[in-house]
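Chains as they are written, first to last, in my numbering: chain B, 22 to 135; chain S, 22 to 135; chain G, 22 to 135; chain V, 22 to 135.
Be careful, since some hints might not be right.
Simulated restraints, written as ranges between beta carbons of each label pair [stated by the list, open to error]: (1) 49/V to 61/B: 52 to 58 Å; (2) 49/V to 55/B: 54 to 60 Å; (3) 123/B to 79/V: 26 to 32 Å.
Everything labelled a hint here was simulated from the structure, so no lab data went into it. Just so we're clear, the structure is a prediction, and the values are computed from it rather than from any experiment. Note that the Cβ used here is the ideal one computed from N, Cα and C, for glycine as well.
There are 4 protein chains.
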Amino acid sequence: MLDAKGTRSLRLPPVSPKSPTGVSTDGVPGYSSHKPHVQRRLHRIEGQVRGPQQMVDDDRYCIDVLTQASAVKAAPESVALLLLADHTEHCVAEAIRAGHGEAQVNELNRACQR
Amino acid sequence: MLDAKGTRSLRLPPVSPKSPTGVSTDGVPGYSSHKPHVQRRLHRIEGQVRGPQQMVDDDRYCIDVLTQASAVKAAPESVALLLLADHTEHCVAEAIRAGHGEAQVNELNRACQR
Amino acid sequence: MLDAKGTRSLRLPPVSPKSPTGVSTDGVPGYSSHKPHVQRRLHRIEGQVRGPQQMVDDDRYCIDVLTQASAVKAAPESVALLLLADHTEHCVAEAIRAGHGEAQVNELNRACQR
Amino acid sequence: MLDAKGTRSLRLPPVSPKSPTGVSTDGVPGYSSHKPHVQRRLHRIEGQVRGPQQMVDDDRYCIDVLTQASAVKAAPESVALLLLADHTEHCVAEAIRAGHGEAQVNELNRACQR
């Protein structure tokens with residue numbers, strides 16, 4: 022899929038904003054209180070990908086490129102864990118306190134299994 | 022490290038181009054024969070990271086952002102495996118044929134353990 | 022550590038039974054309601070390890086042994102996820118309902134990061 | 022599948038001993054030179070599984086059992102890497118030296134992708 026700037030972008034799943042799969046909260050995602058921090062972490066991944074890109078452009082040694090490419094894996098994993106922690110602390114805990122936590126706990130457990 | 026555009030970029034390891042850690046080949050990396058393919062795969066990761074970025078900008082539901090962020094992990098892993106396969110097929114196999122494969126095999130085994 | 026039968030056994034951490042690290046519940050672990058199922062799953066792992074053991078005894082081909090040894094990894098991961106789901110559903114949810122969920126949520130998030 | 026002792030055992034793949042999938046060597050697996058070491062490492066995994074088994078028997082706290090169960094994952098991974106290193110160093114390197122390494126390199130690369 023090409024976006025306005027002609028670069029390939031990811032087709033996002035057709036989920037309406039703020040409307041989770043079945044289980045609904047007040048529409049405020051769990052990461053809201055530190056959204057700029059999450060945004061910075063995601064932007065940083067773009068910068069990290071440029072590491073191995075430049076190395077391949079420069080014909081650098083395979084194992085060195087491999088090492089940098091492997092390092093890029095850690096960043097999205099770490100952001101995913103941050104989102105998971107926020108979600109548990111806010112959305113799931115709030116749903117439990119409000120007496121309708123079962124669906125949220127099930128959804129959380131399925132997310133952990135991926 | 023900030024680059025010209027003021028964004029954080031990755032500090033590359035101080036390895037001179039084409040000079041691997043100790044073990045040397047003819048200076049042609051194993052991915053040379055399909056370098057444009059590797060470059061496209063690495064550029065695509067940048068596009069994929071924009072998925073969760075846009076979702077956070079739009080305050081999308083945590084679990085949906087998490088799912089996209091987790092998907093981003095798979096791409097660098099898959100590029101790393103491609104580089105590893107090329108390296109084994111070309112650099113390591115050539116070093117073995119030339120009678121000095123031991124260092125390359127050791128280096129390959131260490132890379133697999135990361 | 023050698024146990025009575027002279028085989029190497031695992032030194033368990035010096036945590037008193039039913040006394041979690043700081044955060045306490047009623048002493049009933051989250052997996053209690055299906056303890057026999059968890060026990061069967063753990064016992065099955067022992068049987069699975071005997072697969073690659075027998076293959077090495079029989080001098081089977083490396084890649085075949087490797088495939089079986091890799092398959093053994095999946096089982097403990099899957100039991101860990103089962104324990105995590107039980108724990109969230111019971112211990113964490115109950116602590117939140119009882120108004121002292123914060124420590125449990127923090128402990129859960131730290132466990133997910135391992 | 023139940024074995025003579027009535028415990029569930031793993032059905033091994035129907036590969037004849039010493040006959041790899043297509044690519045053949047001299048029938049001596051790569052781990053031969055230190056087979057007792059590999060055997061000890063595999064036997065140790067059985068001991069490690071008894072850690073979380075005992076903990077569940079004793080109704081220990083979920084997170085503590087989880088931590089032990091997660092630790093069990095590392096052992097088969099580490100044996101798999103040992104087998105992979107031996108295989109590359111012996112079987113693959115010998116096949117390359119003998120001039121018919123292509124099938125072995127392809128098989129190795131597929132094994133790394135699992």
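- Query: Would you say the C-beta atoms of residue 123/B and residue 79/V sit inside 26 to 32 Å of each other?
  - Reply: holds, 29 Å
- Range agreement (Cβ of residue 55/B with Cβ of residue 49/V, hint 54 to 60 Å): Holds, since residue 49/V and residue 55/B (Cβ atoms, about 58 Å apart) stay within the stated range.
- Kindly confirm whether 52 to 58 Å is satisfied by the beta carbon distance between residue 49/V and residue 61/B. Given a distance of about 55 Å, which is inside 52 to 58 Å, the answer is holds.
Taken one by one, the earlier hints all hold for this structure without exception.
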